[in-house]
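2 protein chains.
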Amino acid sequence: MRIFVVGYGVVARSFIDLLEAQQSVLYQQQGLSPRLVGVCDSTGAAVSERGLSADELRAAKESTGTVAGVAGHGVRTVDAAQLIAECDADIVVEASPSQMSTPGRSIENLKAAFRTGKHAISVNKAPLAAAMPAMLELAEFNGVQFRFSGTVGGGTPVLNVARECARGDEVTMVRGIFNGTTNFILWKMHSEGLDFDTVLKEAIDLGYAETDPSADIDGVDAATKVVILANYVLGRPATIGDVKVEGIRGLPRERIEEAAQRGNHLKLIGEIGEALSVAPQEVPIGDPLDVPASLNAITLSLKASSDITLIGRGAGGIETATSVMRDLLDIWNVIGGRS
Amino acid sequence: MRIFVVGYGVVARSFIDLLEAQQSVLYQQQGLSPRLVGVCDSTGAAVSERGLSADELRAAKESTGTVAGVAGHGVRTVDAAQLIAECDADIVVEASPSQMSTPGRSIENLKAAFRTGKHAISVNKAPLAAAMPAMLELAEFNGVQFRFSGTVGGGTPVLNVARECARGDEVTMVRGIFNGTTNFILWKMHSEGLDFDTVLKEAIDLGYAETDPSADIDGVDAATKVVILANYVLGRPATIGDVKVEGIRGLPRERIEEAAQRGNHLKLIGEIGEALSVAPQEVPIGDPLDVPASLNAITLSLKASSDITLIGRGAGGIETATSVMRDLLDIWNVIGGRS
Numbered sequence: 001m002r003i004f005v006v007g008y009g010v011v012a013r014s015f016i017d018l019l020e021a022q023q024s025v026l027y028q029q030q031g032l033s034p035r036l037v038g039v040c041d042s043t044g045a046a047v048s049e050r051g052l053s054a055d056e057l058r059a060a061k062e063s064t065g066t067v068a069g070v071a072g073h074g075v076r077t078v079d080a081a082q083l084i085a086e087c088d089a090d091i092v093v094e095a096s097p098s099q100m101s102t103p104g105r106s107i108e109n110l111k112a113a114f115r116t117g118k119h120a121i122s123v124n125k126a127p128l129a130a131a132m133p134a135m136l137e138l139a140e141f142n143g144v145q146f147r148f149s150g151t152v153g154g155g156t157p158v159l160n161v162a163r164e165c166a167r168g169d170e171v172t173m174v175r176g177i178f179n180g181t182t183n184f185i186l187w188k189m190h191s192e193g194l195d196f197d198t199v200l201k202e203a204i205d206l207g208y209a210e211t212d213p214s215a216d217i218d219g220v221d222a223a224t225k226v227v228i229l230a231n232y233v234l235g236r237p238a239t240i241g242d243v244k245v246e247g248i249r250g251l252p253r254e255r256i257e258e259a260a261q262r263g264n265h266l267k268l269i270g271e272i273g274e275a276l277s278v279a280p281q282e283v284p285i286g287d288p289l290d291v292p293a294s295l296n297a298i299t300l301s302l303k304a305s306s307d308i309t310l311i312g313r314g315a316g317g318i319e320t321a322t323s324v325m326r327d328l329l330d331i332w333n334v335i336g337g338r339s
Numbered sequence: 340m341r342i343f344v345v346g347y348g349v350v351a352r353s354f355i356d357l358l359e360a361q362q363s364v365l366y367q368q369q370g371l372s373p374r375l376v377g378v379c380d381s382t383g384a385a386v387s388e389r390g391l392s393a394d395e396l397r398a399a400k401e402s403t404g405t406v407a408g409v410a411g412h413g414v415r416t417v418d419a420a421q422l423i424a425e426c427d428a429d430i431v432v433e434a435s436p437s438q439m440s441t442p443g444r445s446i447e448n449l450k451a452a453f454r455t456g457k458h459a460i461s462v463n464k465a466p467l468a469a470a471m472p473a474m475l476e477l478a479e480f481n482g483v484q485f486r487f488s489g490t491v492g493g494g495t496p497v498l499n500v501a502r503e504c505a506r507g508d509e510v511t512m513v514r515g516i517f518n519g520t521t522n523f524i525l526w527k528m529h530s531e532g533l534d535f536d537t538v539l540k541e542a543i544d545l546g547y548a549e550t551d552p553s554a555d556i557d558g559v560d561a562a563t564k565v566v567i568l569a570n571y572v573l574g575r576p577a578t579i580g581d582v583k584v585e586g587i588r589g590l591p592r593e594r595i596e597e598a599a600q601r602g603n604h605l606k607l608i609g610e611i612g613e614a615l616s617v618a619p620q621e622v623p624i625g626d627p628l629d630v631p632a633s634l635n636a637i638t639l640s641l642k643a644s645s646d647i648t649l650i651g652r653g654a655g656g657i658e659t660a661t662s663v664m665r666d667l668l669d670i671w672n673v674i675g676g677r678s
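Protein chains in written order, with the working numbering: chain Y, 1 to 339; chain S, 340 to 678.
Incorrect hints may appear among the rest.
Said to hold, decoys possible - Pair ranges (Cβ atoms, derived):
#: 1; chain 1: S; residue 1: 372; chain 2: Y; residue 2: 202; range: 52 to 62 Å
#: 2; chain 1: S; residue 1: 512; chain 2: Y; residue 2: 202; range: 26 to 36 Å
#: 3; chain 1: S; residue 1: 642; chain 2: Y; residue 2: 101; range: 29 to 39 Å
#: 4; chain 1: Y; residue 1: 75; chain 2: S; residue 2: 602; range: 23 to 33 Å
#: 5; chain 1: Y; residue 1: 241; chain 2: S; residue 2: 593; range: 57 to 67 Å
#: 6; chain 1: Y; residue 1: 20; chain 2: S; residue 2: 534; range: 40 to 50 Å
Said to hold, decoys possible - Derived pair list, reagent style DSBU-like, types lysine-lysine, alpha-carbon separation capped at 35 Å:
#: 7; chain 1: Y; residue 1: 303; chain 2: Y; residue 2: 244
#: 8; chain 1: S; residue 1: 583; chain 2: S; residue 2: 540
#: 9; chain 1: S; residue 1: 540; chain 2: S; residue 2: 400
#: 10; chain 1: S; residue 1: 400; chain 2: Y; residue 2: 303
#: 11; chain 1: Y; residue 1: 201; chain 2: S; residue 2: 642
#: 12; chain 1: Y; residue 1: 244; chain 2: Y; residue 2: 201
#: 13; chain 1: Y; residue 1: 61; chain 2: Y; residue 2: 201
#: 14; chain 1: S; residue 1: 583; chain 2: S; residue 2: 642
#: 15; chain 1: Y; residue 1: 244; chain 2: S; residue 2: 583
#: 16; chain 1: S; residue 1: 642; chain 2: Y; residue 2: 61
Just so you know, these hints were derived from the structure itself, not from any lab.
Cβ coordinates follow ideal geometry from the N, Cα and C atoms, glycine included.
One chain only, chain Y, in its complex shape:
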C-alpha cells in the first residue's frame, strides 16, 4: 500500500517512524506492506516510487530545512494538491498544521485525493471544522475511504469508542473536555489559587499552550471536536458555525472559587445535546468528567444503557500517530486487503 504524507510535523514524523518500526508486524499480522512514496512540507516534497526511509527524510530536513533535500527525490513545490493528484499513492495522510482560519489548502489536498480515487486520513481538524458534511459526501461520491481518528482525543480512540457505544444503543447526549490546554489552565487556577493570566503565561512557557493560544482559550479547538463528533457519531451534518462557543479567556478566579464552594470544578465543556455548544460549566467534584491536568474526557449518555466515560491524553505526536495507524488498518480491512 503506497502512502503519501502531507506535512512533516511531529505527528507526521511519529507516524513515519511507527510505520517503519511496525513494518514486519503489519505484514505478518495483516498482510499489509506499506510503502512511503511521498512526503511534503511547506516548501517542497520528496517523492519516490521505491519508497522513502525515515532516516533520509530526517537527515534532509535537518541539513536543508525541507524534505525536498532528499538526494535524487526532491521536488521544489508548494502545491501539495497537485502532487497528491499526480502521485500514484493509494492513501493520503493529511497531517499539515491545523489552522482554523485558513482551512482552504487542506480542503484542496483532501479533494485532490478523493477526486483521483485515493483514500485519505486527516489528522488536520481545520477541513472538518469548516466543511465536514461536504468532505464526507465527496469521499462517498468518489467511492473512497475517509478517516480522521486523530482529530479528536489524540491517541485515545474517542470516535471509534463513541461509535461502538452507539451500536446496539442510541447516543442521546455527549459532554466532554476536548481541550487539554484549557483543562490544565482551569485545574491550575483552582489547585494553586492563581489567576488566568499567570497560569496562561506558565502554560506557554512550559509548551502546554501555543504562543498564540487563541484557538484553545477561545474554545475554537473544542468546538471543532464537537463538530466532528456530531457528524460522525450522531450523524448530524454540522460545521463550526453551528456551535455556540464561549471560551475561558480572562476568566475571573472568583468563578472557580464560587464553583468550588458549591462542590464543583469549573471545566470547559463541549456539549452535543439539543444544540451544539462549548462553554465553561460546573462539574461535580469526583464526577468522571472531573479530570485533572491536561487530560481529556468524554461522557456519552445512552438511551438504553447508562453513561460511559473515556479518559485519555488528548494530544501528543506519538499518540496521534497511533490513531493514524488505526485508521490505516481500518481502511486496509475495509478495502479487503487489496493493493
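Starting from the known structure of chain Y, arrange chain S on it as the hints suggest.
For chain S alone, coordinates are given in the frame of chain Y:
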C-alpha cells in the same frame, strides 16, 4: 437469523425486549431480521420455528413459573444442551445464571452450540473463567463465531475498546475496578466511616450485593474478568487458576483510613501485568481509576501511547442486553449478513 436464548433472567428478558423494540431498525439499517426460536429456563423451554414474542414468554413465566408454559410450544426438559444441539437456531445466547463453582452446564451448552455449527454469545462468565482458552479453540475449530462482550463491564464496551486500543499499539498493562459491589463497599466505608460488616449488610439490603456475596467480596468475580481480558485482549491463555486473588472480606477500616492519610483511596484492583492478580490496592485520589459508588473503571497502559481509562456501570440487565445486541451485530457482520 434464528436465535435461541438459554436462561430467562433479567439480561435474557431485557435482550428479548430490545430485540423486539429494535426489530424494524435492525432490518432497515443492517438487513437483519432476528427471530427468537427458543428460550429455556431451569425447568423447561419454549420452542417455536415461527418465533416467540416477549409478551407470551413473560405471561407464561408469570402464570406457570416457566417459559415452558407458552401454549403449544412448551417443552418440559432440563437438558438445555440437547435442545441447543437439536434446534435449528443460527446463534445461541448463553444467559443462564453465572455460578463460578459449577460452570459445567454452561460449558456443555456452549459446546453443544459449537459442535452443531451454531455461533454463540455468552453473558455467563463461568465457562470463560474455567475454560476460556479451550472454548475459544473449540469455536475456531468448528468455524463459528463466539462473543462475550457482556461478561466484562456490563453495557460498557470494555473488551472492544481494549481491543481497539491494542490495534496500532500494544497493551502493556491493564488495571481496573471490575466489580461494582466491592467498589461500593470500599467507597461507603471511606465516605461514611463505617466498618465492613455494616456496609455489606446495607449493600445486601439495597440489592447491590447478592445474599451470598462471596463471589464479589472474595475477588472471584473480578478475577474472572481478569481472565477474560487476558485471553481476549492480550492473547494470554489463562484460566481462573492463574489469578492470584485476595478479596476484601472483613477488611479493617484502618486500612482505608491509612490509605486516605497517604492521599489514596483503597480499591479492589484487578491487574494484568507480569502476573494476573486481584487485590486491594491504593489509588491516588483524583486518579481516573478513583471512581465512586458502584462504577467500574479500566486503565489500559499502551506501549507507544499514554494511558486510556474507560468508566461505566459494570452491571445491569438492560446495559448487559445492549452488549448482547452488539455481539449479535458483530457476528452478523462477520458472517456477511447471511441467513
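query = Holds or violated: 26 to 36 Å for the Cβ distance of residue 512 of chain S and residue 202 of chain Y?
reply = Hint holds: Cβ distance 32 Å, inside 26 to 36 Å.
key: Hinted pair residue 583 of chain S and residue 540 of chain S, Cα distance within 35 Å   = holds (27 Å)
query = Is it true that the C-beta distance of residue 20 of chain Y to residue 534 of chain S lies inside 40 to 50 Å, as the hint says?
reply = violated (57 Å)
inquiry  = residue 61 of chain Y and residue 201 of chain Y were given as a pair; does the straight-line alpha-carbon distance stay at or below 35 Å?
reply    = Measuring from Cα to Cα gives roughly 31 Å; hence the hint holds.
query = Going straight from one Cα to the other, do residue 244 of chain Y and residue 201 of chain Y come out at no more than 35 Å?
reply = Judged against 35 Å, a Cα distance of about 27 Å means the pair holds.
message = Given the hint of 52 to 62 Å, is the C-beta distance from residue 372 of chain S to residue 202 of chain Y inside that range or not?
response = Holds, since residue 372 of chain S and residue 202 of chain Y (Cβ atoms, about 60 Å apart) stay within the stated range.
Agreement of residue 303 of chain Y and residue 244 of chain Y with the hint, judged by alpha carbon distance not exceeding 35 Å = Status holds; Cα separation ~25 Å.
ask   = Are residue 400 of chain S and residue 303 of chain Y close enough, with their CA atoms no more than 35 Å apart?
value = holds (27 Å)
task = Verify the proposed pairing of residue 642 of chain S with residue 61 of chain Y, using a straight-line Cα cut of 35 Å.
result = holds (27 Å)
ask   = Given the hinted pair residue 540 of chain S and residue 400 of chain S, is their alpha-carbon gap at most 35 Å?
value = Since the Cα atoms of residue 540 of chain S and residue 400 of chain S sit roughly 31 Å apart, the hinted pair holds (cutoff 35 Å).
inquiry  = What's the verdict on residue 583 of chain S and residue 642 of chain S, does the C-alpha distance respect the 35 Å limit or exceed it?
reply    = holds (25 Å)
key: Given hint residue 642 of chain S paired with residue 201 of chain Y - CA-CA distance at most 35 Å   = With Cα atoms ~32 Å apart, residue 201 of chain Y and residue 642 of chain S stay inside 35 Å; holds.
The structure fails hints 4, 6 and 15 (numbered hints given earlier, in ascending order).
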